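Student: So the sequence lines, in the order shown, correspond to chains P and V.
Using the working numbering, the letters of the first sequence map in sequence onto residues 303 to 547.
Using the working numbering, the letters of the second sequence map in sequence onto residues 303 to 547.
Mixed in with the good hints, there may be bad ones.
It does not matter which identical chain is meant; a pair holds if it fits inside one copy or across any two.
Claimed, not checked - BS3-like cross-link-like pairs, simulated, lysine-lysine; straight-line CA separation at most 30 Å:
id, residue 1, residue 2
1, 307, 424
2, 475, 542
3, 475, 307
4, 543, 475
5, 526, 543
6, 526, 542
7, 475, 355
8, 498, 307
9, 542, 527
FYI, nobody ran anything at the bench for these hints, they're computed from the structure.
These numbers were taken from a predicted model, which means no experiment stands behind them.
Protein chains: 2
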Amino acid sequence: MESVKNRRTIRKYKSQEIPEDLLNELLETAFRAPTMGNMQLYSVVVTRDAERKAKLAPLHFNQPMVTSAPVVLTFCADFNRFSKWCEQRKAVPGYDNFLSFMNAASDALLVTQNFCTLAEEKGLGTCYLGTTIYNPGQIIELLELPKLVVPVATITVGYPDENPQQTDRLPLKGIVHQEVYHDYAATDIDELFGAKESLPENKEFVRINQTETLAQIFTDIRYKKADNEAMSGNLLDVLKKQGFC
Amino acid sequence: MESVKNRRTIRKYKSQEIPEDLLNELLETAFRAPTMGNMQLYSVVVTRDAERKAKLAPLHFNQPMVTSAPVVLTFCADFNRFSKWCEQRKAVPGYDNFLSFMNAASDALLVTQNFCTLAEEKGLGTCYLGTTIYNPGQIIELLELPKLVVPVATITVGYPDENPQQTDRLPLKGIVHQEVYHDYAATDIDELFGAKESLPENKEFVRINQTETLAQIFTDIRYKKADNEAMSGNLLDVLKKQGFC
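Next up, chain P with everything else stripped away, as it sits in the complex (with noise of 0.2 Å):
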C-alpha cells in the first residue's frame, strides 16, 4: 500500500543492469492479474538492446526513457497465441473483431499496472509511456508483432537515479460517484481544478507556454485535436491490418 501511495513516475534511471531472474518473477508474478475466461490474451516484448532501443525511440517521440533505460518492456494486446492453439485443436477462433481487440487490451493493461506496482515495491522505478498507441503500426514492424497483436502500452524500467516530487490529484469526490454518475456544475469544476490551477508549477507552466489558461496548454500544445484526429484514423487502421477490425 506504501508504495503505491508514495509511486511517481521515474524518467532517469542508473545503469545498473536489472537482472534477467527478478524481471521473469516480476512478470511472472504480472501474469496473476485477472484474464478473460483464463485465456491470457497479452504478450510482453522485452527490449534491451541498444540498437534496438534506438530505434524504438522515435516512434515514442524521442522521450529519452527509452533509450536510458535498461529495459523496455511493450505489453501487447495478443489474440494471436490463443487462436492458433484453437485452430490446432479442431476449433475455430472467432476473434478477429473489435471487441476482442478490447478484451484483449484489458487484459494486457491489468497486466502492465500489475507489474508496474510490483516492480516499484521492489525498488525499481517506471514510466508509462501513452505513445505507444500514437505510432503502433512502426512499433508493430520493429517488434515482428504478427496479426492479432497489437502493441497497447510501454513501460520502460529501471533503478531510480532521480527522486522526483509527486504530482497532485483531483480531490476523491471529483472522480468517485454515488450509485449515479453526478454530472459537473460550473461551481464543481471550479472546485475540483481550482487546487491544480493554483500549483506554482502550474502557473509557470502557463507563463512559459504563454497561454491564458492552464487548459489551453492541453488543448492547443499537448494533446491537439487534429493530431488526436489524425491518431484515431491510424490506430484503427491498425487495427484492421492486424484483423481484428
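Put chain V on the given structure of chain P with help from the hints.
Tutor: Coordinates of chain V only, in the frame set by chain P:
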C-alpha cells in the same frame, strides 16, 4: 508481492459491509496509478443499493456476484470532466475521437487493477467482470453516464467467503518475447497448452460439455464468433453514441 502471487478471483462474499472510509482510501490510493498527462481520464461509480444491483445484474448476464457483493464498482473511461474544464477555461477540447477513448480506457484500466491489488492486500476479494463491454449501452443508461463516459470494467468487492484453488497460467516463456515476437510453431503450442489441457478439471469440463477439445469450449460455447461480432458492432455504436467516434 505475496498477495499478488497468491491472488484468486473471489466470487462468494460475506454479508459484511465494506466501511466507506476503507473503500475511499483504497480508491484514493488506486488513483496514484500513472495517467496520461495527469488528466485522470476516469470515473468510478459505486453501487451499494440493492435495487440498483438487481438492475445491474442482468446486464452482467446475471452473474451472482453483482447482487451478492456488498460493493460493485464500475470503472469508466471519462473525457467528460476534463472536456468540461477545458470549455470553462476558454480552451476547445478535441477528445471526441477513438484515440481519446483508448487513452481514457487505458487510464481507467490501470486504476482498476491498482484498486484490486490494494483491496486484496487489505483482505478483500474481487471479481473482474468482463461483461461490462458486452452491454455498455444499458449500463450507461442505468448509471446515468453522460457523453464521453463509457464503462470499461466492473469489479465486485467484498470479504471472501470462499477459498478457491488458484487457476493455472501458461508458462512464462510462452508470453514473454526477447527483442522481437517469436511466433508460435505447432510444437510450441502443444508444449505451452499441454499442462492446461491435462488438468483434471479441464478434462472434466470437456466431458461435461461434450466437446472433442478444450479449445472448442471457448470457440463453440463460451466466446463465439457470432456473439463477438454482434457485440463488436454494439460496442462501436455505443462509442459513437457517447461521442468517441
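Student: All hints, please: hold or fail.
Tutor: Results for each hint:
With identical chains, the CA atoms of residue 307 and residue 424 are at most 30 Å apart both within one copy (15 Å) and between copies (14 Å). Proximity of residue 475 and residue 542 under a CA criterion of 30 Å is satisfied inter-copy only: 28 Å between copies versus 39 Å inside one chain copy. In this assembly of identical chains, the alpha carbons of residue 475 and residue 307 lie at most 30 Å apart only when taken from the same copy (18 Å versus 32 Å across copies). In this assembly of identical chains, the alpha carbons of residue 543 and residue 475 lie at most 30 Å apart only when taken from different copies (27 Å versus 41 Å within one copy).
In this homomeric assembly, residue 526 and residue 543 come within 30 Å of each other (Cα to Cα) both inside a single copy, at 25 Å, and across copies, at 22 Å. When the C-alpha separation of residue 526 and residue 542 is checked against a cutoff of 30 Å, the pair qualifies both within a copy, at 24 Å, and between copies, at 20 Å. For the homomeric pair residue 475 and residue 355, the shortest alpha-carbon distance between copies (22 Å) is at most 30 Å, but the shortest distance inside one copy (41 Å) is not. For the homomeric pair residue 498 and residue 307, the shortest alpha-carbon distance inside one copy (19 Å) is at most 30 Å, but the shortest distance between copies (37 Å) is not.
Proximity of residue 542 and residue 527 under a CA criterion of 30 Å is satisfied in both settings, with 23 Å inside one chain copy and 17 Å between copies.
Against the hints set out earlier in the document, no violation occurs for any number.
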